[in-house]
Every structure is written in C-alpha cells, then in structure tokens.
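Residues per chain are reported as follows:
2 protein chains.
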Amino acid sequence: MSTGDENHGNPPPQAEAGGEAGYGDVKGGALFSTPWYGWADVATLEQSMAGRAVRLRGAAHAVRAVGRRVAFVVLRQGTSTVQCVVAAAAGGGDAGMVRLAAGLSRESVVDVAGVVSLPREPVHGTTQQQVEIQVKKLHCISRATPNLPISVDDAARSEADVARAKAAGEQLVHVGQDKRLDYRVIDLRTPANQAIFRIFRQVLLSEGFVGIHTPKLIGGSSEGGAAVFKLDYNGQPACLAQSPQLHKQMAVCGGFERVFEVGPVFRAEDSNTHRHLCEFVGLDMEMAIRDHYFEVCDVVDRLFVAMFDHLNKNCAKELETIDRQYPFKPLKYLPKTLRIEYDEGIRMLKEAGVHVEAMGDLNTEAEKKLGELVHAKYDTDFYMLCRYPSAVRPFYTMPCPDDPRYSNSFDVFVRGEEIISGAQRVHIPELLARQAEARGIAVGCIAAYVDSFRYGAPPHGGFGVGLERVVMLFCGLGNIRKVSLFPRDPRRLQP
Amino acid sequence: MSTGDENHGNPPPQAEAGGEAGYGDVKGGALFSTPWYGWADVATLEQSMAGRAVRLRGAAHAVRAVGRRVAFVVLRQGTSTVQCVVAAAAGGGDAGMVRLAAGLSRESVVDVAGVVSLPREPVHGTTQQQVEIQVKKLHCISRATPNLPISVDDAARSEADVARAKAAGEQLVHVGQDKRLDYRVIDLRTPANQAIFRIFRQVLLSEGFVGIHTPKLIGGSSEGGAAVFKLDYNGQPACLAQSPQLHKQMAVCGGFERVFEVGPVFRAEDSNTHRHLCEFVGLDMEMAIRDHYFEVCDVVDRLFVAMFDHLNKNCAKELETIDRQYPFKPLKYLPKTLRIEYDEGIRMLKEAGVHVEAMGDLNTEAEKKLGELVHAKYDTDFYMLCRYPSAVRPFYTMPCPDDPRYSNSFDVFVRGEEIISGAQRVHIPELLARQAEARGIAVGCIAAYVDSFRYGAPPHGGFGVGLERVVMLFCGLGNIRKVSLFPRDPRRLQP
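Chains as they are written, first to last, in our numbering: chain A, 240 to 734; chain B, 240 to 734.
Keep in mind the hints are simulated off the structure, nothing from the lab.
Check each hint, because a few of them may be wrong.
Which copy? The list can't say, so a pair holds if one copy fits it or any two copies do.
Calculated cross-link-like contacts (lysine to aspartate or glutamate; reagent style EDC-like; alpha-carbon spacing at most 16 Å) [what the hints assert, rightly or not]:
#: 1; residue 1: K616; residue 2: E583
#: 2; residue 1: K266; residue 2: E669
#: 3; residue 1: K266; residue 2: D642
#: 4; residue 1: K266; residue 2: D641
#: 5; residue 1: K575; residue 2: D548
#: 6; residue 1: K266; residue 2: D530
#: 7; residue 1: K589; residue 2: E604
#: 8; residue 1: K568; residue 2: E611
#: 9; residue 1: K608; residue 2: E583
#: 10; residue 1: K608; residue 2: E590
#: 11; residue 1: K608; residue 2: E596
In this text the structure is predicted, and so the values were computed from the model without any measurement.
Using the sequences and the hints given, assemble the complete structure.
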C-alpha cells in the first residue's frame, strides 16, 4: 500500500537528497516512506551491495561523536550490528544531522537511509565488519530514556569476562538475574537471549500425532491439593491444571491414537531452586500402545535425537552466540538412546559407594551422580532409566506384568537432571480404583477419571516434559529463569 | 523389543493356529505379541492384501450374531471400519470364540488376528467394503460398560437424518449438545469430531515468526476488571491473562521482530452464546512494522488464504466427513483478501436501510448484514474492515496520522462474524498515557505497560484470533462447543 518497490536500491539523484532536511525526530505515530531507499536487513548486508541505497530500522546500540562534523552510530537488529557514518561533509548530511546522531540515547529506535560502502579497514566491534553505511537521512522513531536501568552491553557480558576484569583490578558491571528480569524488555535484547528463544521451536509433528489443546481451568480442587492454584469459577470451585494428564488420556480414549500438546502447566509449589517454575511450558504426549510401553520410549528416542540433531545442524549460530556469553560443553548423546533399568542404576550407584534405599526414589544428588557414572561408562549425557518401582510412581501407572512391584515407567535424564517422566497408564477401571485405594486416595474423588475407562479404552502411555528445562540443560545454562521469556517463580509475578 | 517383524504377514501354519485357545479376555495390563500376524491399520487394508495375516486393534463398533456358529464384529479405528467374521467352522475358530464375539459390548477395545479376505458381495455400512477379516484369534483388551450413556451411532447421526425420520413417523435418537459434552470421550469418537480436531493444526511459521509462550499468571488484577479470573499467588493478588497483548508487545520491544503464540486465553464473561467460551485457544501475533499497518493486514491475508487453501487441498476427506453430519457450504474467499474501510461499510449498511450510528461500533446483527452485502457485491465470505473510529477501539490503538478520529485498526470477518481484531499499537509513551487518561484509565495502574516503551520501541502492530471460532465458521458449524475438545463456558467446567 505504502511503498512501491520501483526506484529502490539506486542512490537518489542529488536534487532529491538535498530537497528536504532528511533528519529529525518523528513525532506522533506517522510513518513515512523513503523513495529510492529500499528496506534492507543488517544481517544480510554484504560487500556486493556497495553503492546500493538502503533503509534500515534498528536500535542505536552505541553512539560516538568525533568533533562536530562526524558521528558513528552502531545500529542493531536482533544479533546483528553495523556501523553507520553520519558526516557533515558527505552530500546530504549536514551539521544538524550530526548533532541529532550525537545526541541519540542508547537503545533509541532509529531509521537510517544511506548508501552501503566499504570501509578502508574492517570495522571493530560490530558483526558487519566489511561494510558500513554512509548516512543520508536519519530519523529517530522512538527515543529511549537517557538513563537506562540496565545496558544491553552490561547484560550481554559473559561471566568469565567479569571475573577476568575483577582479577585484573578492573570493575565491570555484572547484571544480576533479578535485575535482568525486572527489565526484561532490555535483557531480551542481548545476543544470547535472542538465540535462546529462537531455538524454542517444535521439531515434532512428524509421526502422525495430532496437536490438541486441553483446558487449563479444571473443576474441583484437583488431586494435588497443596501445589494447585485455586480460583472461583462463576461460584464453582476450580483450579489450574497441573498437567494435561487426564485430558490427554481422554483424547486417546476418544479415538485419537496419538496426541500431543504444548501449553502452560501450573504448579503452586514454593520451590526456590534453579530448576523449578510456577508456570512452565509443558510438552505432553499420549499414545495408544500395541505390545509394550517401550513404544513410548521409542518415540522419546526418535523425537529428542531428531531435536538435538536439528539444533546442532540448524541453530549452530545461535548455539555459538549462547556459548559466547554462557560457555557450555556440547551435549553428548547416542544415535539410539541408552536405556538402563532402575535396578541396574541402583547397582551402579551402590558400587560407587553412594547410599541409596532399595526400591526408593532417587534424590537429586543421586540422579546427578548416576549421570556421571553413565557418562563415564557409556559416553552419553542423555539416557533413559526404565522399570521404576511401582511404589515411587503415581497410582495410575501400569505395573509390570511379570512383577507388580515394578512398573512400566521411565524417566529421561539430561546431564544428570530429570527432564521427562513417562509410563504406560492403567486403562482397567478396577485396577485403577484398587491402586488409588492402596495409596489412600478416595475413589469417590477420582470417579470421573476412573469412569473414562469404562466405555472401552485402548492400552496407552505417554510422557510430559518441561521445555524450559530441556533448553536449559541442552545449553548447560545453570538457571531456568534464563530460558523462560517472562518467568514466574514463587516470588516473581512481574513483568 | 517385543515384536520381531519376521514371519509377519503370512498365514500361520495350521498346527500353530490350533495350538492354543486363541481367544478370551485379557486380564490385567499384560499385552502380548502374535507371531505370524503383523500389525495393520483398518484405513489402509485393500484387496491386494487378500490372504495376508494381520492384527488389528480397535473398538467393537457393532456386533451381530447369526445363530451359534457365526458372529460379525465391525471393528473401528478413527473414522475407518471393517467387518470381521468369527465363524466356528473356519479353521482356528471355535464355538467359544463365537460366544465371546457375540457377547462383546459395543465400544469394547478388541484385538483381532485374522486373514484378509474378499467378500462375495461388498459389505454394507462399513468404510471397507471390498475386504473383510476372517478371524483366527480374538481378545478383548478393554470391556466397555454394557449400558453406554450415549452411542457413537446416535452421536454421529446428522440432524437432517433425525428430522427425516421424524417426518416419516420414525423415532431416531438425537443426542443434545450438553449430553455430548458430559460424555465427551464417547462423543469424540464420531467421524465428524475425528475430522474437526485433525484440522486444528498450525499452517503458520513460514515468514520468520518466532513462536513464544507468554505467562498466563499476571500480577495485579489486570485492566479488564469484571471479565477476569482472579486468584491468590503466594499471597499476592493475581489473575489469568485475558490476552497476551502486553507480553507479545514486550517481546517485540525486546528485539524479536515477529512473534506469535498459540495458547489459552481466559475470559470470565457470563456470555452464554453460540460463539463465546470462557477459555479458548488464541492465536496472537505481533510484529514490527515499517511503513504502514497494512503490513499486518498483509500477513493476515497471506496466512489465512494459505490456511484455507491448505484445508481445502489436504483435509478434503475430513471436510467431507464433517459435511456428512453437519452439511455446510464451502467458504468463499478471494486470492487477495478484500479490504474495505469502515466508512464504506457504514455507507453500504445505510444504503441497505440498516440503522447504524455514525462513528459507532457495529453490533452482531449489523456485522451479519454487512457480511451478506459484501457477499452479494464481492462474492466473498472473508474480508477485512479497516480504519475503525478511534472511539470504539482500545486506548493503545494508534490513531490515523491524517485524522485522529480514525485509527490504524481492522477487524476480519468470516461469514459475517468477526474472528480477528488487529491494529497498530501506540509505541509513544506520552501518547499512550494521554489516550488512557482520555478514557478514564488511571495512568498509575498501567505504568509498567507505558514504561515498556521508554527504552526505545519500534512501531509495531498485531492481531488476535480465537481458533475455535475460525474452525467453527470455516466449517459453518453453528456452535463453538462443537470445535472445542473440552469446552469451558459459564456453566461448564466438566469434563
């Protein structure tokens, strides 16, 4: 509607360039088009474009004035930066434009129209080093407040750099996690954050799964009790879903063979750890199984190996960017994921002198230790632990047919931390009721759940995984708040 | 782990077939493998497979016994059905197996192992008419309760059939919407429902948008007031997000040029209509714009035309299936979506004798009527209405630069009903504060929102759309509850 593409890309005739001031603040919301200057992206500028007239919109990442006649503006888009030269001498520029440039506050959004040129020497400190922009027009679209609460450079600094400077007696600003989250719109602009959230994409959908959306508002006060957010729903007691467990199972019982969901999961737990959030993004799947619950493990295997392969192949640049601020070792995983049995894991821990209770749950330290042992023995950071004791799994877990003290269940670990819990579910109403009772759960409270299996139910299983935890562990980041766009923990509800 | 693929597909030697009973109820959760019989799908059986030994798991859709020596079981998987013949005479079957078949309750999940054969005449009433299964082994995996609250056949009947039968003096069961939702696991098994939810897939992700997940738990009690679900968050007042508006704008201000989210949206409205839900699946997007808010309209245009094309091309079978139970006219849309201005819409309505207030909002009837007028004049069911008066849009809507009584905003309509609301947002803190004040909104209450734009903010715009409404209107379904897997309305929190 607004820009025709004709005339773009060639430098404007001299008359046009001098015809108006060509710089200033844009007041109000009116945008404008610049004939002759075609929209371009900082990331894709290259030497072959020398002489081309381009228009760029981005953030004023850094500004430096050299006397009254020249100013340099580093323009940033996403993770890419380019140097823009504003000179009073060059045709089209005048002293007023240099003043405007020199006075730009950092992070202001500016429009630059100019000509791509080749600097005599490579530019330092920008991602574009072989090209720069000779500015003809300069407009400030949005002025940032001069005293930013945090600067992008400070927020982007690697912890190693801060430590090195300190050792050398220098003082470099280190931005703490809390302050980052308070000013998340600025913190998000760091290269590492730009990369982290671009990875966050589904690599699923291949094997005939149907994407579903289950309700987050649940009647009653759920099984959980304490860890549940309660609310009033038009006078009825309601709560927020702690997982799509019931509804994904119902979808399978409703004739959808394989379903998955990516959506919010709510936990009202008061866990102030590096790995817990009160609201996180869950990937849940559930599928009819034919012969054995290992069919679910097979999907986990194919899904995660494909996802890791995809990340390494297609997000190499993003991973590099993250590594620059938060160095990490690439994840080791096998083409066919290792599966070991719970009993074998216990044996390995005991042999290593770790005290673990037979048939008990593994605590976080034991899991971490087992991760090290598995890494040493099998050279992988990613594996499955199968056949957990029934006593440490939820009541709806199917016992092993050959020994009901064990269950058709598994956990999956990355770098010694659990990311996935999965199992075959009990699809037999009587067994389900019996197992609930054995744990002191009143069958009356879960009648609707048990009844779902009275109308014919296929054997089925599935798993749930917190996606923030996957990204955190894949990238070796030490805090889950780094991978959540706007994290919610027991103390934080803002921004 | 459990089944090797060798030996599958050939009929078993006679000795094996008679070696064990080969039928019965499967007790407990133990599954089992059947050598010689390879897993197959009902949908892909075909005549060329005659003589092949296959194993099928599905629901007993219908059961009919003919004396004591033959029983027919119609086996259903998704929307496909096949006739299975259980005969005492044929090798491998015996009278006990016929008894088991005859006694199967409808909807029980059964395992059939048998040989594909060609019936003398096409089978009636099944989707597979040229092949049937001669059953050798039969196991019941999950017994459905004999008195099902609703039957799949009744739930699958078209309203036209019920009406026809009534006119002919017959009585056919009609299952009301409420009863369907009470027993959703059965209702979901109808062919139309199987088709409706398989359509529900994203066709997005092409144009460089980053998928994000914004928090649903929001501090304070939100702008809305009445229509918001409130809850207690560790002693702090909190509410459920009525839209990702603030956070998607913050993501754009955080340096992500184009973002989208598919996630739950919560509205505590007491609207008992065919088109409102208290929890629905929102598709929200937000993008930096360069010259004009029509760039957002361009994305709507490309996105929805691609989605409609995709549905018509790749989901033809699902659409046919829906049409069989709920007949509808295919949606008419243009390759380049029609845009008309609000003023033009008002003119058309006035010319047609409809009373509308100048510069006022359109009510549902006026929208419906305008849809008819547009359809008559332009032959399309899908169009955009642009440049709404500022007074009828939210305070954060950018006014038109040439006339601030109008705004850079649009709505999108399908079959005369609004599905999308979109606009350029105000990225200038002072203007935003001014517009809020003019509507009596205390600036103090929205300080965090206004402050987001003080650190440099690109011009941006976006839209939100309720996906259930899109599917409902595309398929001409009269009630939004038909397209929500587990709907939540002011009265319904179950299942």
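*Could you figure out if K608 and E590 sit no more than 16 Å apart (CA to CA) within one copy, between two copies, both or neither?*
within (12 Å within a copy, 78 Å between copies)
*Taking 16 Å as the upper bound on the Cα-Cα distance, should K266 and D530 be classified as within, between, both, or neither?*
Intra 68 Å, inter 14 Å, cutoff 16 Å: inter-copy only.
*asked:* One pair to classify: K608 and E596, alpha carbons no more than 16 Å apart. Within, between, both, or neither?
replied: within (15 Å within a copy, 72 Å between copies)
*Given identical chains, is K266 near D642, meaning Cα to Cα at most 16 Å, within a copy, between copies, both, or neither?*
Intra 75 Å, inter 15 Å, cutoff 16 Å: inter-copy only.
_Up to 16 Å CA-CA - E583 versus K616, copy category_ = within (13 Å within a copy, 74 Å between copies)
_Homomeric proximity label, K608 with E583: Cα distance no greater than 16 Å_ = Result: close within a single copy only, 14 Å intra versus 71 Å inter.
_Checking an output row: K575 and D548, CA cutoff 16 Å. Within, between, both or neither?_
within (12 Å within a copy, 39 Å between copies)
*Intra- versus inter-copy proximity for E669 and K266 (alpha-carbon distance at most 16 Å)*: Only across copies: K266 and E669 sit 11 Å apart there, 71 Å inside one copy, limit 16 Å.
*Measure nothing new, just compare the shortest in-copy and cross-copy C-alpha distances for K568 and E611 to 16 Å and report within, between, both or neither.*
Within one copy, since 14 Å is at most 16 Å while 62 Å is not.
*Checking K266 and D641: alpha-carbon separation at most 16 Å within a copy, between copies, both or neither?*
between (76 Å within a copy, 13 Å between copies)
*Could you place K589 and E604 in one of the four classes (within, between, both, neither) given a Cα distance threshold of 16 Å?*
For K589 and E604, the Cα distance is within 16 Å only inside one copy (14 Å; across copies 74 Å).
Checked against the numbered hints above, the structure breaks none of them.
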